[in-house]
Amino acid sequence: MTIPTTPGREAAGPAPAAPGDGPFLSVTDLRVRFTTEDGPVRAVDGLSFTLERGRTLGIVGESGSGKSVTSLAILGLHDPRTTTVSGRIRLGGREVTGARERDLERLRGNTMSMIFQDPLTALSPYHTIGRQIAEPYRKHTGASKRAARERAVEMLAKVGIPRPRLRAGDYPHQFSGGMRQRAMIAMALVCDPGLLIADEPTTALDVTVQAQILDLLGELQQESGTAIVLITHDLGVVAGAADNILVMYAGRAVERGSAAEVLGAPRHPYTWGLLRSTPDLDSDPDEPLRPIPGTPPSLLAPPPGCPFHPRCAFPPRVAGGPGRCSAERPELPEGRGAACHLTADQQRAGWSAEAGRAGATGSASVPVPADGGADLLRKEGDR
Amino acid sequence: MTHERDPRPAEGAGRGPAPDPAPPPAPGAPTGPGPRAGSGTAGPSSGTASRTAGSAEGAVPPRAGEPLITAEGLVKHFPVLGGFPFRRQVGAVRAVDGVDLTVRAGETFGLVGESGCGKSTTGRLLARLLEPTAGRIRYRGRDITHASRKELTPVRPEIQMVFQDPYASLNPRQTVGTIVRSPLEVAGIEPPGGRERRVRELLETVGLNPEHYNRFPHEFSGGQRQRIGIARALALEPRLIVADEPVSALDVSIQAQVVNLLRRLQRDLGIAFLFIAHDLAVVRHVSQRVAVMYLGRIVEVGDRDSVYTGPRHPYTHALLSAVPEAATGVAAGREGPEGRPRKERIRLAGDVPSPVDPPSGCRFRTRCWKAREKCAAEVPPLVRAAGSREGHLTACHFPEEPSVTARAEDVVLDPALAAAEGSQDTAR
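Going down the list, the protein sequences come from chains A and B. So in my numbering, spot 377 of the first sequence is number 377, and the numbers just go up one at a time. So in my numbering, spot 311 of the second sequence is number 311, and the numbers just go up one at a time.
Next comes chain A alone, as it looks inside the complex:
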């Protein structure tokens, strides 16, 4: 199989969507299973989503929810000896799942590329920044060394590295954290990829630098029309940067919708919990946060039915009784929706009640021992 002209090249310039051939990236019923000593781990279990050119999909979830595993599956980076990947991944009209390694190599860095969380470990310490940016460009376009170097300098300038010609000769350790992440963005975008996967791109950065990098990604996207999958645990990051949001829990997507819908009117009890437990700069700081009780499940033995049901307060309200949540796995509907047995009306009313509760309890109310804590007064008495 030969790869036709890369869509990345064609997409140079703001071309929002290639007309006709459906979404740019489509993932259908993706399942990723690792074989471990303790048994199979279902890291991703039936995930489907689509992404158009020029749009950003935010995948949000806590550690172990399968978000990074998904990104590695799209890039075809899983080790086939220990990992079983099934389902379909189509990128720009071509099949990625089951593609041969040689074909994948031609896609990676060219049509799809990735930014990792820690730029210091993702960059080679032995090669100059300029060379590392030029390398994928030479490989994929066959450009001369000189042209590739020029391109690297141009990319460094674009991502805001001062004196790019000089800094292209530096090694990664000579760059600061924020500059390394900029260099990695330059490397990822050097071939004008159609798809950019950013896995926690700002988690290792300071907050003022994070804001710069997120804004920069947005600006570069407007310019090039790249589709971005933004993977993060931080709801604030997706709120500012994503068009659509997919919330993942225990290897499954539990809610999907536009950023405004998911964050403004969330439907899944897990999303409610996430939003409630995230401290922000506007809510009443004297009000205790309301965390989700319990801990995420082990993927070695995920709970039957809805994976969130052991931590959920709502099974008693589900039509068909609480037993339904532990027996029947709720499906995530197409488009806007949540994978929950609560009816759509209950889901809408649920968040209003949650939000109302948060707003109403402004005064000093009796603190709820939300963390399952013990009786502290007794300890006071010991003194």
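Read the hints as simulated data drawn from the structure, not as lab findings. Here a beta-carbon is modelled for each residue, glycine too, at the ideal position from N, C-alpha and C. Treat the hints with caution; some may be incorrect.
If you want the footprint, here are the derived chain B segments under chain A, 3+ residues with CB under 8 Å [stated by the list, open to error]:
| hint | segment |
| --- | --- |
| 1 | 76-85 |
| 2 | 145-152 |
| 3 | 247-254 |
| 4 | 308-320 |
| 5 | 410-418 |
Across the chosen pairs, the derived CB separations fall in these ranges [what the hints assert, rightly or not]:
| hint | chain 1 | residue 1 | chain 2 | residue 2 | range |
| --- | --- | --- | --- | --- | --- |
| 6 | B | D165 | A | T28 | 50 to 56 Å |
| 7 | B | S221 | A | R336 | 29 to 35 Å |
| 8 | B | Y167 | A | P333 | 35 to 41 Å |
Listed below are several chain A residues computed to face chain B (Cβ distance under 7 Å; list not exhaustive) [unchecked claim]:
| hint | residue |
| --- | --- |
| 9 | V159 |
| 10 | E219 |
| 11 | T295 |
| 12 | P297 |
Following the hints, position chain B against chain A.
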């Protein structure tokens, strides 16, 4: 070791003893800062109260609000070695360079800043895990700046630490019981009912099952491990806990559980916390007073609401405007969320400079949009700016308006961003 430094102007000199309008040392506390001889007079296993050594101030609990620990002009420089064939000191990382702060009894004092600003070093200095290069630390009126190991014996139990990484700070070969019990053993305390009973109580206090006494750390999740670390810190009934990024390694839903636990401990047990974190939203939720650090110095300090709603230092403005927020981020760029004014947008250029060779004068001036000549020449003192509330101090020659609402024009200093946004504006 001495290094040739030009004497730093201002900072700690020619001003009051502390940044806060703090009353003089507690009436009950001993006046002389000298070392207390013979701390072992009463013996470690003294009395019914499990309070440790028989130091005088140990018997009198500090009243809420009185200064518990005070730092004046605190400095910590780490030597940078280099040269050949003999490695000599060629410079110093000025991790902490003139910090004044006071933590009062029973309060949570938040210390925020970006990586490398010296907040963790400050915490470790106050816990006396590090030896200060200069400056003074007073714990309940007593000078512990250079106190020896022996002199620190009565103080150690009163100042405890909680560390960031619950995977690295617990010994994997010890059971939870052994871990939480070890402070009692080190201090030689035999609580009434025995150590094991006390440990089980502590586990219950932090929301763990006391039955898990004999389990090992690997059997617990990250949040539970952090609770073990907190139980260990509580074992000696400290007056001050230095918590260094205690929730940064945890997932959001778990982080909220631990934040609530810390708040509850502070309120119910009256323990003072020095809460060190980079997450401004978390700090806001636990702290009564907050200090913002930048490159080894405190640039702004005040009570929570003053700092968060009426910041005066440009760096605090930039920090607050950079916090990504789930609730407001969607609407950012256009209008704010219903009923609230849009927040200002400030995008700084570049990263924090190296603390090996910090900028002269105001350290923030290299990234500041208001910097003028005066900023390079003079170190701005940490003082109350005109229009600030009592106790709200800012180290800036040209303080900002005390508001975080949007300005007429965003402050965008990043060259790449400014270029991209400029080209779009012209395209429109």
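These are the hints, each one checked on the structure:
1. 76-85: It is violated, with 0 qualifying residues against the three required.
2. 145-152: violated (count 0)
3. 247-254: It holds, with 4 qualifying residues against the three required.
4. 308-320: holds (count 4)
5. 410-418: Our answer is that it holds, as 4 residues pass the Cβ test (under 8 Å) against chain A, meeting three.
6. B:D165 x A:T28: 50 to 56 Å: violated (39 Å)
7. B:S221 x A:R336: 29 to 35 Å: Given range 29 to 35 Å: holds, Cβ gap about 33 Å.
8. B:Y167 x A:P333: 35 to 41 Å: Given range 35 to 41 Å: holds, Cβ gap about 39 Å.
9. V159: Nearest chain B Cβ about 6 Å off; hint holds.
10. E219: With a minimum Cβ separation of about 4 Å from chain B (threshold 7 Å), the hint on E219 of chain A holds.
11. T295: holds (5 Å)
12. P297: violated (11 Å)
Comparing the model with each numbered hint stated earlier shows that hints 1, 2, 6 and 12 do not hold.
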